[in-house]
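J.: Position chain B relative to chain A; hints supplied.
In case you want the letters, here they are:
Protein chains: 2
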Amino acid sequence: MAPVALALASSRRGPGGGVRPGAVPAGPRDCRRARGRRTGGVQASAGGLGLTSSGPLGRRRRALPGRRSAVDSLCQVTSTRGRPRRTPGSPTGLGSEQDILHAAGELFVTKGFGRTSTRAIAEGAGLQQASVYHWFGSKDEILLRLVLGTVLPSHRIADQLLASDAPGHVLLWALAYADAGLLHEDPQNLGVLYFEPALDGDQFSEFHDVRDSLHEAYRVLLERTTGEPATDVDVAMLVGLVENVITYRRRTRSPIPADTPARVADAALTLARVPDLLTDETRARGTEILAALDSPGPGSAG
Amino acid sequence: MAPVALALASSRRGPGGGVRPGAVPAGPRDCRRARGRRTGGVQASAGGLGLTSSGPLGRRRRALPGRRSAVDSLCQVTSTRGRPRRTPGSPTGLGSEQDILHAAGELFVTKGFGRTSTRAIAEGAGLQQASVYHWFGSKDEILLRLVLGTVLPSHRIADQLLASDAPGHVLLWALAYADAGLLHEDPQNLGVLYFEPALDGDQFSEFHDVRDSLHEAYRVLLERTTGEPATDVDVAMLVGLVENVITYRRRTRSPIPADTPARVADAALTLARVPDLLTDETRARGTEILAALDSPGPGSAG
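For the record, the sequence lines run as chains A and B.
Note that UniProt numbering has the first sequence beginning at 1, numbered continuously upward.
Note that UniProt numbering has the second sequence beginning at 1, numbered continuously upward.
Chain A with its partners taken away, still in its complex shape:
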């Protein structure tokens, strides 16, 4: 299934999948896009759908005024700042900030957020503890950056798909496929952090807003596909099907089958009860649309 492999590979590299903590640092284009979203993108995309992030699935969180955005942090210049390293060389090869995120992700997922100290994160990153506080205000801020990294790429893809005039079922297949693919490929399976109780704090409202907005995109595409209103349960089951990739990986620990994202996307259309629309043509068009999202240029900033 060549087109499927193509889309997965490209979604790992390009703006569709660029913000991968510990793997791919935010580049200038990611930052331009992320800033656009932060300063109006989330609200604008929600507003464009006639939705707000305090919709039925939302947690009714609001960003605190004056708080520094974690998306802004994604876009800091990272080359020259920081204290001397504790150990020479960057474990990720991407600099201190990414080393901290990578080490923290590993510890949060394997030991738990509550049992991970900033000292342990510093050690994992080969840095002094003070360097952690140079880059991040707190352990919470590191967690926020990590979980934002799990939803921003999918949110970015959803934004662009919603602007497309392709049929709903093609776009729904494409979103489920891309989203499941990103969760499938995340080296640390950071989605397990969605269950971290600390995420209930107001300091994580930015993450919940982006995630709610992504889920609302699923609702819109589901409704375009079926032509009928979708209930909260419908949307929850659809999202659950996609996010099950996180649980499936967590449960088995060994690599899950490579065709899982495609199976999830097929199942999304099955759940929508449009059996006649689940065809090779739908898959091919969905894959093509995703591949086109990656093409650089002024026209691609959705």
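Just so you know, not all the hints are guaranteed correct.
Intra- or inter-copy, both count: the list cannot distinguish identical chains.
What the hints assert, rightly or not - Here are the simulated EDC-like cross-link-like pairs (lysine to aspartate or glutamate), alpha carbons at most 20 Å apart as the crow flies:
no., residue 1, residue 2
1, LYS139, ASP202
2, LYS111, ASP202
3, LYS139, GLU196
4, LYS111, ASP165
Note that these hints are calculated values from the structure, not bench results.
T.: Showing chain B alone in chain A's frame:
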């Protein structure tokens, strides 16, 4: 939808839903059943299916020899043991052991396992810290009891459904409905603890064995429904659909719609791609079979 309401109500009370930590203590019949499962039930049911708990979805965990079973602990006589209470009266009204489980569940879910001390658990339960160690060897042992309580009732129902000669699609609908119902009704939504990194330890193999066995029951019923072999991804998506109830509750925090379990059960048959079999008759038969599981008597010990 009266039959649906009936089955849910009965699954909350009877042996189908009896082992609910902090809500319903294990009664003699629960213990007889649980012991039967512990001393051969899990292996027997897996063996009966030609499956082992180290199957494709399994984590290849084995119980440690000589370790006290948490199922045995479920069945201890709890009335007369323990130190004097720190505060008078049992918060749950069910005695010290259940008070500890209830307080621990609340803290693990809201603060996180890693950030909860046995001192805090004791305080929540209105007991001396020493009392916690009187009832449980460690915080891990409390966690084990809590997560076992989330899967044993569903596993018990699955065991009985597998022994039925009703059509596969009726039994698959019934299992998804009962399982989703139990997750829906769990007062503390303890399923969120499935993501706790501590569960990777060997001391939790009993939980993983029971859970794997439950998932294998889904596989068998899915295959009976479709008449075709089910892949790991098929089973994972089916389980993910049911366990999404946990995530959905976690995400919204407000009560989720009452018809969620029935919608999940319908979606399970939709995912199995048997649209002609998803009928009111299927739902009615599934509900009847579940109601019959609750009837007490010597014939009901599956």
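J.: Looking at the structure, which of the earlier hints fail to hold?
T.: 4
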